[in-house]
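Chemist: Residues per chain, in single letters:
There are 2 protein chains.
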Amino acid sequence: MRTGIATVCLSGTLKEKMQACAIAGFDGIEIFEQDLVTSPLSPEDIRKTAADLGLGLDLYQPFRDFDSVPPELLKENLRRAAAKFELMSRLGMDTVLVCSNVATAEIDDDGLRAEQLGRLAQLAGEHGVKVAYEALAWGKYVNDYEHAHRLVQMVDHPNLGTCLDSFHILSRDWDTAPIEAFDAEKIFFVQVADAPKLSMDVLSWSRHYRVFPGEGQFELAKFMGHIVRAGYAGPVSLEIFNDVFRQSDVERTAIDAMRSLIWLEEQSAKWLDANSANGNDGAGSASAGSPAKAPGRRRYPMELATLPKVAEPAGFNFAEVKADDTAGLEKLLSQLGFAFEGRHRTKDVQLWSMGQARVIINEQAASHAEPAIAALGFDVDNPVIASARAQQLKAPVVPRKVQADEEVFQGIAAPDSTEIFLCQGSPDGTAAWTHEFGDGLAASSGTGAVIDHVNLAQPWQHFDEAVLFYTSALALEPAPFAEVPSPTGLVRSQVMQTSDRAVRLVLNLAPLIQQEQDGRDAHHKSYQEHIAFAVDDLVATARAAKDRGLDFLQIPANYYEDLAARFYMEPGFLATLKELNLLYDRDSSGEFLHFYTATVGSVFFEMVERRGGYDGYGAPNAPVRHAVQYDSLHPDHARR
Amino acid sequence: MRTGIATVCLSGTLKEKMQACAIAGFDGIEIFEQDLVTSPLSPEDIRKTAADLGLGLDLYQPFRDFDSVPPELLKENLRRAAAKFELMSRLGMDTVLVCSNVATAEIDDDGLRAEQLGRLAQLAGEHGVKVAYEALAWGKYVNDYEHAHRLVQMVDHPNLGTCLDSFHILSRDWDTAPIEAFDAEKIFFVQVADAPKLSMDVLSWSRHYRVFPGEGQFELAKFMGHIVRAGYAGPVSLEIFNDVFRQSDVERTAIDAMRSLIWLEEQSAKWLDANSANGNDGAGSASAGSPAKAPGRRRYPMELATLPKVAEPAGFNFAEVKADDTAGLEKLLSQLGFAFEGRHRTKDVQLWSMGQARVIINEQAASHAEPAIAALGFDVDNPVIASARAQQLKAPVVPRKVQADEEVFQGIAAPDSTEIFLCQGSPDGTAAWTHEFGDGLAASSGTGAVIDHVNLAQPWQHFDEAVLFYTSALALEPAPFAEVPSPTGLVRSQVMQTSDRAVRLVLNLAPLIQQEQDGRDAHHKSYQEHIAFAVDDLVATARAAKDRGLDFLQIPANYYEDLAARFYMEPGFLATLKELNLLYDRDSSGEFLHFYTATVGSVFFEMVERRGGYDGYGAPNAPVRHAVQYDSLHPDHARR
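Those protein sequence lines, which keep their order, are chains A and B.
Counted the way the working numbering counts, the first sequence spans residues 42 to 681.
Counted the way the working numbering counts, the second sequence spans residues 42 to 681.
Just chain A, with the same shape it has in the complex (with noise of 0.2 Å):
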């Protein structure tokens, strides 16, 4: 699949953007015009760049409001036409985006439209450029692909075909399959863009909500296979007009668009697996009697690289927390009733664990640091494929330092910086790596307790970023996002899971005034993540907690009047709540308690018991948590 991306995705200048694609490793791009013209490099100029930089100049764009005009406005938008014809020429480009009409449209007449488009078309010609044609979700009269790929049959000149964006399809709802029988050589260029479903206009929704294939909800897979089924082999580029995109560091986002662009090459081909297989493809030939062989994806013009496969991961291997002074942790992980199991025999660090869940605890921070969440590790199959397919994603590897007969870790840094490691899993889900560990002090409590979740707060450059990261390279599904109210504003909470939820990540992008401070006073964090472990009773876990004197979140009083309020509750088990500052949920398939410890750094821990086959994490209760912490950062109530 050849790539590409329209520098408008980016931020920057034109020689920034085209630089980091290059890095990026894209095969070609699109010049935005508004990027041309604010330039200093002359069409000459760029030209060079981009031959120097390997890139291919692959589509000229936008070139508005040209069809359905009266005749006057005809020949004044020839000109300008000829104009752009003649500038691509200095840049050696050969195509051009040319939009439908929505500003200048007067006359509805296909064969008005057809006549014009075809005199374009010879101008076009002349110049030696190919005119890629598109209806706009939003165009005066054309806003239907199919209407204006007719408008191309009906002209039928070899200079005029016309251009796919998926925004523009599927924002409007539009079935994809008559792509199917298009005529390839008629498509002349293809945009992909993924977007969130929202409910508002089309054009401010495709103006600042497109996303990177993957970060949204469009099925661009199924939009790729048709246009793969039809015979098209040219560019797939992105065309992504993004708010956040637009201020993010140029480098990072290519890299992240081209991460969309190689999951979506895989996710395009096995979409054509599956529906060959039902024999939806017209081509398959796998018949129902050899199950035992995969599906033979048929041969198309365009190639779809695959990589290296690999399953959701089985669970969590360890969380890992780090700090200058790690007492605090120590007492909080001892109180809870984890053991520690030890330090390592060539490293600082210590390992505490209960059952299943195990926590290491890095001792080697930078000066004052305070306790953070650091990394994590997860159950995987095949530790080097997965690795493999994470740096085939463009995933930073993280460098590890081993000792002989020590295990090695395939580790890759999150775009918060979390550090990810793909490790070996086990059955029965104990870990080989521990032995490296000296003996510890006690026995673990709690045999059945696991890692229920991670909550890590991200940056808002990079959220949905991360959304395709953990999507593309550790195979967790996203559910959809929800909102939380915090003192200091709505928190966005998007969950990453396996279908059987044995890793839960749950990805918070705290409100923006928190980032500005936190951006201010690099050693303190206003907002927190924590780590949550899964127990059987968590009733008899809270009491031998607060034996050992462990300082819970303390919830207030109207939490309890309320929920007595909101669910008929057992006066006794209320008291009990109240007591050990459990929260509660319920909901229709089944109950949910927990508690929080105090804050240490920036991390705290969370403790759960899911009763039933509840599924989510207490998210009417997270208003209180937010509340309470904020609270206990401004104990006085002082004035801001």
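Among these hints, one or two may not hold up.
To be verified - Derived DEER-like restraints, expressed as beta-carbon distance ranges:
1. B:Glu524 / A:Thr471: 55 to 65 Å
2. A:Ala274 / B:Ala605: 50 to 60 Å
3. B:Glu524 / A:Ser673: 38 to 48 Å
Bear in mind the hints are in silico, worked out from the structure with no lab data behind them.
Just so you know, these numbers come straight off a predicted model, no measurement behind them.
Just so you know, even glycine gets a beta-carbon here, dropped at the ideal spot from N, CA and C.
Assemble the complex: chain A is given as a structure, and chain B must be docked to it using the hints.
Modeler: Then chain B, alone, in the frame of chain A:
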């Protein structure tokens, strides 16, 4: 008018919110249930705190999903209600907001609904509670305020009335005139919210984008007018769900909120006066034959306070820039053709002028402070009245040291901390205070020159606040906002202007990434602000400035090629534009020529020439300016 605000509008803990409301001068508050549930204060503590602060507890809210349910759920809902009514009695509160059912409504039958609301009213009566029933815009069966009112009439119980919320009514574009026929006794509460006109689902619009009155586009004065005419005299309370307000400083947001109600009170009185004069009031007696007599407003139970009246400002009196090292500013102004008029006799400030455009250079800046726009003077009819109005609108007063015989400037601080001075205008555009300056060096050129517009960068937390500030305190009108692409993101641009365009102020909301960077480096702002001067002959001005060695913002050659493609242009004129780095725009009403200087600190200057009725700011050229300015900050195309 009794003023109120819902605690959900503000950030922080309940106690912090209550303190901020008291400081801002609200009469009462609405307790949002979640703020109570998450608070460590007991209901009795909250009651006492409110009493100590002199705040009424006017509404407990919300009680959800009550009506239109099957019998077994009704029983559970009444149990829930009884628990809340008991809580309200501990709080000493007597009014509760009950929203129309969204989630659990199953039976669409007004008879049943009236019966169920009657049961609720009965129970409320036993607890001394009044139920204000509100139709949510997205209520399952009841989503129209007239429908809610009909149900209240059907029940006809003294403890059941309705709550009118401007968002739920105006977001659905419902006519507000029928409110006048309502029995005022049955209007238990009024909530006001403004909002920008957005095309999105009404729930998301409501939850994230409400703003304070005067910051959006709803016709709130008319809405209030109908309510006043109905005879309602209860609280008018703000209920604003807004992502930014939830994150902003609580005391500051409370002041902004209070300002919006003071302004709304005045606007409502004006609407009543205007519509009484037209005979719409049904009570006004001003006949067409006595135009000299102000139309009399009928006396209504709700008293509407008024403010000192001001007309829109007649023009800019001066602009003030401040720096530790002022050499760069002096050089730019001198090269532009400004004359140095001398130094102030008692202060370390210089006066520079060109025609009626006056720039004060203030040397009393902090050590190493880079040049920045510090103050703007506006010509008003009566500075004392204008200042009184601004202060009643809670604008902070700027202290100003004044010597004997010097003109006293009435100064207030804008939300971005720019100092706004209200100056005595003169018909000939001169300013009396210039006599306080010593003799300068040179005579000014450009006798027709004036300040055309000033462009101020706004912090994201205070953008809406700034719109209301300039609307209410300075009588400027907001124009529809625009968005301009820049290399670091979209810049939101909001023009505030007078009807004759003598004053044009442009508020720019810089991309967040820039604001974050600014926060980390107090001495260097990556965003820029500017002052634009209008002259009669821009080409001559530019040529003279070029001869004096002015450092023009360098416009890329690509811009002029694009200009030639977009417009038909005389080749000689195009060559002149290119030679002098002039930018050009044209629309149906006229033409616009302009150029920019290089930037010193965070300030640059613009010179403009308006031809014909051109009323804009060269918006198509703004991306060019942003890109070139960005480029000059990153001269080596360094990897960021």
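Chemist: None of the hints should be skipped; say for each whether it holds.
Modeler: Here is how each hint holds up against the structure:
{"no.": "1", "hint": "B:Glu524 / A:Thr471: 55 to 65 Å", "result": "holds, 56 Å"}
{"no.": "2", "hint": "A:Ala274 / B:Ala605: 50 to 60 Å", "result": "violated, 37 Å"}
{"no.": "3", "hint": "B:Glu524 / A:Ser673: 38 to 48 Å", "result": "holds, 40 Å"}
Checked against the numbered hints given earlier, this structure breaks only hint 2.
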